[in-house]
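Keeping their order, the protein sequence lines are chains A, B, C and D. Residue 4 is where the first sequence starts when you use my numbering, and the numbers rise one by one after that. Residue 4 is where the second sequence starts when you use my numbering, and the numbers rise one by one after that. Residue 4 is where the third sequence starts when you use my numbering, and the numbers rise one by one after that. Residue 4 is where the fourth sequence starts when you use my numbering, and the numbers rise one by one after that.
Just so you know, the hints here were simulated from the structure itself, not pulled from any lab data. Just so it is clear, CB atoms sit at the ideal spot from N, CA and C, and this is done for glycine as well. Among the hints, a few may not be true.
One side only, chain A facing chain C, incomplete, derived with CB under 10 Å [what the hints assert, rightly or not]:
1) 219
2) 223
3) 230
4) 234
5) 236
6) 238
7) 241
8) 246
9) 250
10) 255
11) 294
12) 298
13) 312
14) 317
Here are some chain C residues pointing at chain B (derived, C-beta under 10 Å) [what the hints assert, rightly or not]:
15) 142
16) 196
17) 198
18) 200
19) 201
20) 206
21) 209
22) 251
23) 308
Output of the computed footprint for chain C on chain B, the stretches with three or more beta carbons under 8 Å from beta carbons of chain C [what the hints assert, rightly or not]:
24) 195-202
25) 206-215
4 protein chains.
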Amino acid sequence: MSEASTASDPAAQPLDGEPRARVAVVGATGLTGALAARLVWRHPGLELVAATSRCDAGRRLDELYPQHGVPMALTALEPDAVGEADAAIVAVPHGASAPVVADLRRRGALVVDLSADFRLRDQATYDRVYGPHGAPELLGDAVYGLTELNRERVRDAELVANPGCYPTAALLALAPLAEAGLCGDVVVDAKSGVSGAGRGGADFADVVENFKAYGVEGHRHAPELSQELQALGAAGAITFVPHLLPIDQGLLTSCYVTPTRETSHDELVALYEARYADEPFVGLVDAPPGVRDVRDTNAAHVCVAREDGSGRLMAFCAIDNLWKGAAGQAIQNLNLVLDLPETEGLL
Amino acid sequence: MSEASTASDPAAQPLDGEPRARVAVVGATGLTGALAARLVWRHPGLELVAATSRCDAGRRLDELYPQHGVPMALTALEPDAVGEADAAIVAVPHGASAPVVADLRRRGALVVDLSADFRLRDQATYDRVYGPHGAPELLGDAVYGLTELNRERVRDAELVANPGCYPTAALLALAPLAEAGLCGDVVVDAKSGVSGAGRGGADFADVVENFKAYGVEGHRHAPELSQELQALGAAGAITFVPHLLPIDQGLLTSCYVTPTRETSHDELVALYEARYADEPFVGLVDAPPGVRDVRDTNAAHVCVAREDGSGRLMAFCAIDNLWKGAAGQAIQNLNLVLDLPETEGLL
Amino acid sequence: MSEASTASDPAAQPLDGEPRARVAVVGATGLTGALAARLVWRHPGLELVAATSRCDAGRRLDELYPQHGVPMALTALEPDAVGEADAAIVAVPHGASAPVVADLRRRGALVVDLSADFRLRDQATYDRVYGPHGAPELLGDAVYGLTELNRERVRDAELVANPGCYPTAALLALAPLAEAGLCGDVVVDAKSGVSGAGRGGADFADVVENFKAYGVEGHRHAPELSQELQALGAAGAITFVPHLLPIDQGLLTSCYVTPTRETSHDELVALYEARYADEPFVGLVDAPPGVRDVRDTNAAHVCVAREDGSGRLMAFCAIDNLWKGAAGQAIQNLNLVLDLPETEGLL
Amino acid sequence: MSEASTASDPAAQPLDGEPRARVAVVGATGLTGALAARLVWRHPGLELVAATSRCDAGRRLDELYPQHGVPMALTALEPDAVGEADAAIVAVPHGASAPVVADLRRRGALVVDLSADFRLRDQATYDRVYGPHGAPELLGDAVYGLTELNRERVRDAELVANPGCYPTAALLALAPLAEAGLCGDVVVDAKSGVSGAGRGGADFADVVENFKAYGVEGHRHAPELSQELQALGAAGAITFVPHLLPIDQGLLTSCYVTPTRETSHDELVALYEARYADEPFVGLVDAPPGVRDVRDTNAAHVCVAREDGSGRLMAFCAIDNLWKGAAGQAIQNLNLVLDLPETEGLL
């Protein structure tokens, strides 16, 4: 081929005659939107009908992201065109997302929203953290899309609020404890690669060979984490501190829990095994998980341990922040919303 | 699931009733063998019937390579079992490969060999570089598997010698010049990530924040590169110097050519466009290609330029050394050998 | 010059006629020993009289560590030669150190020991963690050399047990709280670069683009941290979990403390400012410190914060694990032992 | 101390009563200016009297660069104040430098200029590459400050044009060949870490795990390299292609030379040994040099080799782009200009 692209290839087409769901990706030039577009493009049950961009309309996606190989031109967000899609993945910034989502919903499209706009159930909290909400009337419709916690509600949802990357990893680490009433005070010491901050998020010279905490005064993901963890039954104070890793993709949460009662290693392992036995994307591991083991996958690797002396519990979860922490989980949710197999297009 | 694996998933199964070719991967615990196993596993037209390992038999592949998600136990190399495969990808070290390949061929399996054992047509050269050859009688049967150069011969081959990563990138950069008789003296300044050296290939402390040349006294890939470049028509001296990049995956060749006659920018671009117009995995790019653009893909990005003052030509090629430089190209060749679409399982 | 070294240079010599203390570095081929040798070499008040190595005797230090520029040949450990030194920095592995130290002490040399052999005051604890102690009779003589905690005792010491890198950073973060009786339950989530594990400590492919916890079942530094933190007055349970950063040098401890009583941001800042006002190497910073800010320096950057809702305290400390975490602090201690200015040779 | 700085320390002061030369650093907030300020600060024969910044006046240098530990406030560029310095290191962008230098020269200060403004002797070439020159009347005064090539002229200079990082490494690799009349056609394949592009020079996401060439259409350093290499006697075409390494500091040039006559390995080694025998900062090495070996030092490691078959010559040079490629060489030149020992403050 004469351009750096993977031209429309028969192998990427549907293998049978069944109609595929038509999906638009709104905001396809950020890291997560671009990955979402790629995952839709390669998905045997979905058809990518539009990929929009405010700034890069007219350019090709495989020019901006050669490694994704999506040979499609970006378009401006034209509601009519996008509105013909059966479903949309929306990946625009917080605040800007709500009106876009509202319009898509009016046109009947099912929506998975990657922004924070529909994650917080309490509008006052949202307004305090992000500013005035652009479509508060939809807050009640949104289902928080941490698939492993809300699978059945996601199946019936018309608007899915895809979780933040940090809450995803923290909740998967802690859910079995919270649900069992074991979760007292919690410290979530979280570490994310640079792609979590989006394109242009970090000057190389500030990140390379460096490591530090940030957002100590209060990170935007903290209210989301508290909302969900408390809903699961966590009783104690929740401290959340993110750190920036000098890598591209990958996120680890190290969670330290004061249990509400005595427990044992064996009880913990049994608890986690029972909780995640049927989860296709959650892997229980014996040793602390590494972010590289889940790179470019939708997997979450979880490990639980108990400190002998103090009885304190430790739970770790490693994910790829762009996959299970964003675009991968969006596809997982979209599969459910569209009655497709949950893992389709993600293995 | 209760283990860190992606359990056997319907989506990974064939979508129709056609029988798939049965493929064994011999030596599946190295980086390239493991990737080959993953690519076979996910390939809609192939069935992974065995993945062997001398040292890790009994362990699971997705324990060693969680990110690949191949839920299969490794076995010892039992010729009978492996021999029932229709085809095999062999990824064992140079020297050890020849007898394994010979045995597989005797049992009728088609073979793509990732070692250097069948790349050099001249046995004396092989013996000098690698030591005595273990199956010289097969040298005449082997087809050098740089797909873009030998597509039709690969289709008919029963034994494909998969090229080295450096020669792959250098030849793709230079083939249009060599075939057009334009290639005089050549310098190939090549740079590869650490995975090119295999597992355990580099101490972190020696590589991080470092960069240097190696093999200046003569790298094993040099005779292979010379053999193929001269076969294409290159007339001049060929200098090849590899360097080690402090990254994991990625390989770039920067080639400097003294042309055999005057040429122009436009002639060069036309030459490359014509040569690669129908190549599904070669992308011509206007600016020097980056290795990250092709990471985890089978693509080769090629760029040609002409220096105004001196008339010297420059040609760059970026590949992922594990994909187009090894396991990806092996699948590309296997597709041809098995009469499958060339890009299947690679997009 | 015809070799890759910085030849004996007048500028590195003493600027006046005063005799300099004669110092030997025992075990100068590891990362910390080599840095110690470099720091002694460039120190205006010290003379490097010997640098020993079990395996590399006869080779030059500036061949092994060109960046250090120490143009000296390594020698075997010959007790007579080394014993003529006024002082020695011992940088050999745990267990091997004790007999070497004992011999040096018998010969009258002052010793700063970088191993763990003299850090634990309780021999039973040592024996459990490291195996039988080689010189238990010296345990009572050793002074734990976290300079900022034990400055006056170090001045009078003949044997200094240089702290571990993790305890150094954790104790500097927590000492003001512990000394003020504020330190209840503590979680120390620690992250270190690869050089903390010594040469050959990590395969590049395991570390690059990766991040994970290790030693969850109990790290050797935990008893040392507990011993010292409790001695300072900490009352609660201490959890310590190290993680491996994909960088070379740098160590950060993120400490989460349940205070024993209510406190305020202002009280905390005043406490830390008072504690570290006169410390030449401790810098209080307002924002969470980055490891890069202290790279190749003996500085420790400390930051304290209080979480509004829960009242939980957070204290961070960033050091260079090879400097303040090892060889730099050894020089700091040596300066005190030898009645030299504490910062000499370290700025 | 209560701030993250290394307070004015006696050990950093001059050890005797001799007056030190007063030095200003103009433009001390860029990477090279900040390093120059640090090197002046710690230099036993120099006194840092001012560090200026257009944008950061009023802030402290050790706030911007904690690792350098220079406890000095930045000031605006006030010519009167700065003009009282005996000498100045100017580290402001190309084009902006010339008028600053002209003013400093009028006030009698000796100047080492880190910009490109006085490197090219031919004004027309400068104007073409950088735009109209701001002080062409000074071009004749400037001495090109590649110390190893122009030592005696630098001693007598009042204005030193400090070389670019790429030309420094390329010229040190090639000078012995050029001076001996051996240097025919040359390819300089150069690779630099990100700090070569200055602060804010690169988005982490574009650089990490990436590698590519740039400036293929003509890099600004090419005319400088040609000017100097031809002045040394090089006869052939010079091709120069820079690449961007995913590291912070470090620069390697791999040079490929068609010799003007037959030569031998022994002749080459003798040539280089003779040329660099007395050079305090040039180290000849047997194996290709790594950039890490010279990190944070003013050393240049050079290696020469001859390819058996073709007779082509290869010469490698590794430097730290911020040290020997910029601020370190500036101090080396300043030492000469001020009649101080050449290596003072650099070991």
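Hints broken by the structure, by number, lowest first?
-> 2, 3, 4, 5, 6, 15 and 23
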